[in-house]
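Visitor: Chain residues, written in single-letter form:
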Amino acid sequence: MTLDRRDFLKLMGAGAGVSLAGCATQQTAAVGEAMSKSGGRRVVVVGGGYGGTVAAKYIRMLDSSIEVVLIEPNKQFVSCPFSNLYIGGLLKDLSSLTIGYDKLAANHGIKMVHDTVTAVDPVKKTVTVSTGTIDYDRLVVSPGVDFRAEELEGYNLATTPEIMPHAWKAGPQTLLLRKQLEAMPNGGTVVLTVPVSPFRCPPGPYERTSMIAMYLKEHKPKSKIVVLDANPDIASKPGLFRKGWAKHYASIIDYRKAQKVTAVNEKNRSVFVEGIEEIKGDVVNVIPPQRAGKIAQVAGLIGPDKAWCPVDATTFESKLHKNIHVIGDACIAGAMPKSGYSANSEAKVCATNVVAMMNGKETTELSGINTCFSYISAKEAISVAGVYTVKGGAIIAVPNSGGVSPDLSELEAIYAESWLKNILTEMST
Amino acid sequence: MIKTRKGWALAAGILAVSTTALAAPPSAEMLSNACAGCHGTNGGSAGLTMPSLAGQSKEAIVDAMKKYKSGERKSTIMGRLAKGYSDAQIVAMGEFFSKKKIHATNQTLDPVKVAKGASLQEANCSRCHLEEGREGKDDTPAMASQWLPYLQIQMNQYLTDQRKMPEKMAEKVKPLSKADLDALLHYYASVK
Ligand SMILES: Cc1cc2nc3c(=O)[nH]c(=O)nc-3n(C[C@H](O)[C@H](O)[C@H](O)COP(=O)(O)OP(=O)(O)OC[C@H]3O[C@@H](n4cnc5c(N)ncnc54)[C@H](O)[C@@H]3O)c2cc1C
Numbered sequence: 001m002t003l004d005r006r007d008f009l010k011l012m013g014a015g016a017g018v019s020l021a022g023c024a025t026q027q028t029a030a031v032g033e034a035m036s037k038s039g040g041r042r043v044v045v046v047g048g049g050y051g052g053t054v055a056a057k058y059i060r061m062l063d064s065s066i067e068v069v070l071i072e073p074n075k076q077f078v079s080c081p082f083s084n085l086y087i088g089g090l091l092k093d094l095s096s097l098t099i100g101y102d103k104l105a106a107n108h109g110i111k112m113v114h115d116t117v118t119a120v121d122p123v124k125k126t127v128t129v130s131t132g133t134i135d136y137d138r139l140v141v142s143p144g145v146d147f148r149a150e151e152l153e154g155y156n157l158a159t160t161p162e163i164m165p166h167a168w169k170a171g172p173q174t175l176l177l178r179k180q181l182e183a184m185p186n187g188g189t190v191v192l193t194v195p196v197s198p199f200r201c202p203p204g205p206y207e208r209t210s211m212i213a214m215y216l217k218e219h220k221p222k223s224k225i226v227v228l229d230a231n232p233d234i235a236s237k238p239g240l241f242r243k244g245w246a247k248h249y250a251s252i253i254d255y256r257k258a259q260k261v262t263a264v265n266e267k268n269r270s271v272f273v274e275g276i277e278e279i280k281g282d283v284v285n286v287i288p289p290q291r292a293g294k295i296a297q298v299a300g301l302i303g304p305d306k307a308w309c310p311v312d313a314t315t316f317e318s319k320l321h322k323n324i325h326v327i328g329d330a331c332i333a334g335a336m337p338k339s340g341y342s343a344n345s346e347a348k349v350c351a352t353n354v355v356a357m358m359n360g361k362e363t364t365e366l367s368g369i370n371t372c373f374s375y376i377s378a379k380e381a382i383s384v385a386g387v388y389t390v391k392g393g394a395i396i397a398v399p400n401s402g403g404v405s406p407d408l409s410e411l412e413a414i415y416a417e418s419w420l421k422n423i424l425t426e427m428s429t
Numbered sequence: 430m431i432k433t434r435k436g437w438a439l440a441a442g443i444l445a446v447s448t449t450a451l452a453a454p455p456s457a458e459m460l461s462n463a464c465a466g467c468h469g470t471n472g473g474s475a476g477l478t479m480p481s482l483a484g485q486s487k488e489a490i491v492d493a494m495k496k497y498k499s500g501e502r503k504s505t506i507m508g509r510l511a512k513g514y515s516d517a518q519i520v521a522m523g524e525f526f527s528k529k530k531i532h533a534t535n536q537t538l539d540p541v542k543v544a545k546g547a548s549l550q551e552a553n554c555s556r557c558h559l560e561e562g563r564e565g566k567d568d569t570p571a572m573a574s575q576w577l578p579y580l581q582i583q584m585n586q587y588l589t590d591q592r593k594m595p596e597k598m599a600e601k602v603k604p605l606s607k608a609d610l611d612a613l614l615h616y617y618a619s620v621k
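Chains as they are written, first to last, in this note's numbering: chain A, 1 to 429; chain B, 430 to 621.
Treat the hints loosely; a few may be bogus.
[To be verified] Calculated cross-link-like contacts (lysine-lysine; reagent style DSBU-like; alpha-carbon spacing at most 35 Å):
hint, chain 1, residue 1, chain 2, residue 2
1, B, Lys512, A, Lys257
2, B, Lys593, A, Lys111
3, A, Lys379, B, Lys503
4, A, Lys92, B, Lys512
5, B, Lys542, B, Lys601
6, B, Lys528, A, Lys111
7, A, Lys379, A, Lys103
8, A, Lys421, B, Lys496
9, A, Lys247, A, Lys224
10, B, Lys495, A, Lys391
11, B, Lys597, B, Lys495
12, A, Lys111, B, Lys542
13, A, Lys257, B, Lys601
14, B, Lys512, A, Lys421
15, A, Lys92, B, Lys593
16, A, Lys224, A, Lys169
17, B, Lys495, A, Lys319
18, B, Lys529, A, Lys421
19, A, Lys217, A, Lys257
20, B, Lys621, A, Lys391
21, A, Lys243, B, Lys593
22, B, Lys542, A, Lys247
23, A, Lys257, A, Lys103
24, B, Lys503, A, Lys391
25, A, Lys379, B, Lys512
26, A, Lys247, B, Lys503
27, A, Lys280, A, Lys260
28, A, Lys247, B, Lys512
29, A, Lys391, B, Lys545
30, A, Lys103, B, Lys593
31, A, Lys92, B, Lys603
32, B, Lys545, B, Lys512
33, A, Lys379, B, Lys545
34, A, Lys257, A, Lys267
Honestly, the hints are just simulated from the structure, not real lab data. Every value quoted in this text rests on a predicted model; they were computed, and no experiment measured them.
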């Protein structure tokens, strides 16, 4: 069951369709053979997601004499946050999770280039896109994650997600997973696999488990979901997830810790735990292990762990290449988890210091926040929150602050909706 | 394997990225920008249940943050966050948001309720909620243009003793009917 682009647009709902039509007439910066700078100063931002949009916006807000070029292949961005609610049936389409770039670009004078960066030359200070190269003085990279498919025997990046969706990048994959759940018979088995930490959104797999269980309980009560977690325990908010599952889904969720999936079999729609035990499912949601987005590899920004990009804790400048900053999921941000809120917060710290450095001014130490809300049921959510500072060159949580919700909360579910609205508005206006 | 190691060593060779010189401690802007993911850019909220901080008085923000920090004011999330800041940092954020223009909202409001609220505010609330709610006496928060759903959540918390009402405010609030109070909140939400 695959979805083509037309299906996808249809399913994204009417609202999305309208703004897409708007995009067609949108003016994008003309990239000729080369987009050389005409004397001024330029920052190029790669990736128009949670980190990149906000970095581009705040650089322009702080110093409108700096030209900002934002490069992103898609005309619309679909948010991963809240995509689990669609999978569970709480949202009828993805329109409330979909944003365009027109207003952001117009409000702040950001030049949009809808293309993919395929190479970075840190010496000449250029990035390569399909139509040529673009010069930069400083580069901000926020490409999100890529999959370490080589760690899953039998996993083919092109074909496997069409059979066993990851839905770890929102959009067609999200719709596919939902379609498969809808098509599954009552009494079927869903298998969800959680990769080793660190991965994008530590509570994400468990929120998804909750949302799928909610759907099964209501529509396919004879079914169950088996969670194979490579980690020694639930990687985020373990106490609260357990409490929520015991309250609502005791007979539906079969959670198994320390079960590392090392191989998949497309034909059998199955996964192998430690290469031995084969587990089949009617719907199999394989979330592969992750590393920084591909362009970070290509640009030589990945560190000795071969997965993530080491950066300075104040400026987010790469420890491997001067004048290149990495934010969001792709970077190693110490105690700050790989979340949309972290990416938003890091983007502002990075923007502040990029502008300071370009103006020869003193940099400012990081002060950051993370919050992740997770829905447990249609009306209840939980959250984790943290405030971050720098100590000895590393990002740490401010002692005696932050933490998790005391209990499942209806009020948190209400506030979470406004959180989404605000953070997407920050990114798109 | 060896090749990758070498590649890494090479990359480390180019590295030469200077460790940054001493950075200044977080400015008011650095601190406050981190709040904007929830409260909106510069504190102007687009989410109906999330309060705008833009144009809120410094005293009201500082008072709220200190009460969140100590646990005196109940919250879902602010208590956990407020504990991450020193009193001086809280004052700096209060100052930052108080200097922003009030976030004018365009809410769909029942005009009958708005009119009724307008007729009640002078006698009941204006002693502390000054200038049609655009300002507040001492640490009284501004309410002009604040999102109605947020104000309703707060009023409900006062009435159910989840948030402690100032005694003098309680004297005015307690005699009013729920409908009158809701009309007052409609009125304040409508003020531009
Ligand atoms: C199911 C799920 C639920 C989640 N829920 C939450 C939540 O509730 N709260 C929360 O805070 N976080 C949540 N997250 C995490 C959040 O989605 C990520 O942490 C966040 O998107 C990271 O931002 P980013 O900028 O690093 O990457 P992204 O937001 O993924 O943006 C990367 C962008 O870069 C573009 N790009 C990549 N390569 C190139 C290239 N070579 N050239 C040009 N453009 C490129 C991509 O097209 C993409 O638009 C969730 C994640 C998942 C999967």
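Visitor: Determine for every hint whether it applies to the structure shown.
Guide: Quick rundown of the hints versus the structure:
1. B:Lys512 / A:Lys257: OK: B:Lys512 and A:Lys257 at ~33 Å, within 35 Å.
2. B:Lys593 / A:Lys111: violated (50 Å)
3. A:Lys379 / B:Lys503: holds (20 Å)
4. A:Lys92 / B:Lys512: violated (38 Å)
5. B:Lys542 / B:Lys601: Since the Cα atoms of B:Lys542 and B:Lys601 sit roughly 19 Å apart, the hinted pair holds (cutoff 35 Å).
6. B:Lys528 / A:Lys111: Status holds; Cα separation ~30 Å.
7. A:Lys379 / A:Lys103: holds (32 Å)
8. A:Lys421 / B:Lys496: The given pair, whose Cα atoms are some 27 Å apart, holds under the 35 Å limit.
9. A:Lys247 / A:Lys224: holds (16 Å)
10. B:Lys495 / A:Lys391: holds (25 Å)
11. B:Lys597 / B:Lys495: Holds, at roughly 21 Å.
12. A:Lys111 / B:Lys542: Distance ~46 Å between A:Lys111 and B:Lys542 Cα, so the pair is violated.
13. A:Lys257 / B:Lys601: violated (57 Å)
14. B:Lys512 / A:Lys421: holds (25 Å)
15. A:Lys92 / B:Lys593: Cα-Cα ~39 Å, so violated.
16. A:Lys224 / A:Lys169: holds (24 Å)
17. B:Lys495 / A:Lys319: At roughly 38 Å apart (the allowed maximum being 35 Å), A:Lys319 and B:Lys495 break the hint.
18. B:Lys529 / A:Lys421: holds (21 Å)
19. A:Lys217 / A:Lys257: holds (22 Å)
20. B:Lys621 / A:Lys391: This hinted pair is violated, its Cα atoms lying about 44 Å apart.
21. A:Lys243 / B:Lys593: holds (30 Å)
22. B:Lys542 / A:Lys247: Measuring from Cα to Cα gives roughly 41 Å; hence the hint is violated.
23. A:Lys257 / A:Lys103: violated (45 Å)
24. B:Lys503 / A:Lys391: Roughly 31 Å separates the two Cα atoms, so the pair holds.
25. A:Lys379 / B:Lys512: Cα-Cα ~28 Å, so holds.
26. A:Lys247 / B:Lys503: holds (25 Å)
27. A:Lys280 / A:Lys260: The given pair, whose Cα atoms are some 15 Å apart, holds under the 35 Å limit.
28. A:Lys247 / B:Lys512: Holds, at about 30 Å.
29. A:Lys391 / B:Lys545: violated (55 Å)
30. A:Lys103 / B:Lys593: Violated, at roughly 42 Å.
31. A:Lys92 / B:Lys603: Violated, at roughly 42 Å.
32. B:Lys545 / B:Lys512: Judged against 35 Å, a Cα distance of about 40 Å means the pair is violated.
33. A:Lys379 / B:Lys545: holds (33 Å)
34. A:Lys257 / A:Lys267: Distance ~26 Å between A:Lys257 and A:Lys267 Cα, so the pair holds.
Hints 2, 4, 12, 13, 15, 17, 20, 22, 23, 29, 30, 31, 32, counting from the list given before, are not met by this structure.
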